[in-house]
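Novice: Using the sequences provided together with the hints, build the complete structure.
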Amino acid sequence: MTHIEAAAPARPNILIVDDNPSNLRLLASMLKDHGYKPRPVLSGELALEAARLSPPDLILLDVTMPEMDGFSVCERLRADPSLSAIPVLFISALTDTASKVNAFTAGGCDYITKPFQFEEVEARVKTQLQLQSQKRELQRNYEELKRLEALRDSLAHMVVHDMRGQLMAMMLSLDLLPSSDSDESVPHLDRVRTGITTLVEMTTLMLDVNRLEAEEMPLNKTECKLSAISMTVIDSLSSMAGKRRVSLLADNAITAKCDSELIRRVLQNLLANALKFTAPDGSIEVKITELNDIVRVSVHDNGTGIPFEHQSRIFDKFHQAAPSKISPSTGLGLAFSRLAVEAHGGQIGVESEFGVGSTFWFTLPNAGVSTTT
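Numbering-wise, numbering that gives the first Met the number 0 puts 272 at position 273 of the sequence shown, and it's gapless, one number per residue.
Please keep in mind that the hints were generated in silico from the structure rather than gathered at the bench. Glycine included, C-beta positions come from ideal geometry on N, C-alpha and C. Don't take each hint at face value.
Using C-beta positions, here's what the derived DEER-type ranges look like [said to hold, decoys possible]:
hint, residue 1, residue 2, range
1, Leu188, Tyr141, 46 to 52 Å
2, Leu188, Arg312, 36 to 42 Å
3, Val100, Arg10, 29 to 35 Å
The calculated lysine-lysine pairs, modelled on BS3-like cross-linking and capped at a C-alpha distance of 27 Å, are [what the hints assert, rightly or not]:
hint, residue 1, residue 2
4, Lys220, Lys286
5, Lys125, Lys224
6, Lys316, Lys275
7, Lys99, Lys113
8, Lys36, Lys145
9, Lys31, Lys145
10, Lys224, Lys256
11, Lys286, Lys242
12, Lys134, Lys145
13, Lys242, Lys275
14, Lys220, Lys256
15, Lys242, Lys220
16, Lys113, Lys125
17, Lys36, Lys125
18, Lys275, Lys145
19, Lys36, Lys134
20, Lys31, Lys134
21, Lys220, Lys316
22, Lys99, Lys134
23, Lys31, Lys113
24, Lys256, Lys242
25, Lys99, Lys145
Specialist: Rendered as structure tokens:
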């Protein structure tokens, strides 16, 4: 039977920088005896060159050196993205507080004064190497988590996309079915059609949120009259409004350069939410104003309001401050609204008092302001 021996772990690679050859030999010998791989150099320039050729696991750096002192060496290491994460441990005869502060300001992670005891040097070296190892492990875990999240999102996107295709096919088949007013199946078919329509809207919303998060949603920006968009939304939700009073306060001349369809959906989400949580005899006001270089659209209601603890998360995906008895919700409408507004370079927010009412608002650049998406 063949035995395969595990490869011995690589010895930690430590770059030692000191213009004193005696100090270099002493530290290199001690580190080697304790299982490290020392790389001694006599100047800051040589240290930077050696680090670029083969980045070490840790650098022991003297402060007082000719031509380039340790502080300058450390600052240049930190300015190099490929070397900036290497821990630097200063070893210096300077014992004043200002020197120690300068060392940490330059990017050092520890400071040992000369004459040193090797036991102290080894203990601090070991601590920094352990911290570095833990940082690398955290980074690996983070990267793996990001990979798994991307895989999950991709899978969910494919499933939802396929679901939407099947639902659209079912909707088309229903539309092709013959029907008559006396047919007892008509009410049942209408309920099926309504359910499929709702599911299509939900899957479309999920796909659009995914595209907005990935910054892959194309924006068809034109100069839009926000009052006209608002009236369209108010009219489309008139059956849902019932006896609730919905008013529009706006100057017809106010325009914004935006994707009218996306902004219509944003306003529809905000107004539909207001209607859901406002009493049947309540009132809602849609207001459009100009504030310097931006346009502000707000939807104010005198409904139930939002508990304070939910307000900071109200625009997060799948977050629901309170269940609605009127219609089902994916918890994506406000997340979509936030992403759509931010894609236009605007902001969105909420001001609410529980039991009193809420004002949802968003801003867009004025039509005359140039924006980059």
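Novice: For every hint, state whether the structure bears it out.
Specialist: We went through each hint and held it up to the structure:
no.: 1; hint: Leu188 to Tyr141: 46 to 52 Å; result: 51 Å, holds
no.: 2; hint: Leu188 to Arg312: 36 to 42 Å; result: 40 Å, holds
no.: 3; hint: Val100 to Arg10: 29 to 35 Å; result: 33 Å, holds
no.: 4; hint: Lys220 to Lys286; result: 22 Å, holds
no.: 5; hint: Lys125 to Lys224; result: 66 Å, violated
no.: 6; hint: Lys316 to Lys275; result: 19 Å, holds
no.: 7; hint: Lys99 to Lys113; result: 13 Å, holds
no.: 8; hint: Lys36 to Lys145; result: 34 Å, violated
no.: 9; hint: Lys31 to Lys145; result: 39 Å, violated
no.: 10; hint: Lys224 to Lys256; result: 9 Å, holds
no.: 11; hint: Lys286 to Lys242; result: 20 Å, holds
no.: 12; hint: Lys134 to Lys145; result: 16 Å, holds
no.: 13; hint: Lys242 to Lys275; result: 13 Å, holds
no.: 14; hint: Lys220 to Lys256; result: 6 Å, holds
no.: 15; hint: Lys242 to Lys220; result: 35 Å, violated
no.: 16; hint: Lys113 to Lys125; result: 19 Å, holds
no.: 17; hint: Lys36 to Lys125; result: 13 Å, holds
no.: 18; hint: Lys275 to Lys145; result: 36 Å, violated
no.: 19; hint: Lys36 to Lys134; result: 21 Å, holds
no.: 20; hint: Lys31 to Lys134; result: 25 Å, holds
no.: 21; hint: Lys220 to Lys316; result: 25 Å, holds
no.: 22; hint: Lys99 to Lys134; result: 24 Å, holds
no.: 23; hint: Lys31 to Lys113; result: 20 Å, holds
no.: 24; hint: Lys256 to Lys242; result: 34 Å, violated
no.: 25; hint: Lys99 to Lys145; result: 38 Å, violated
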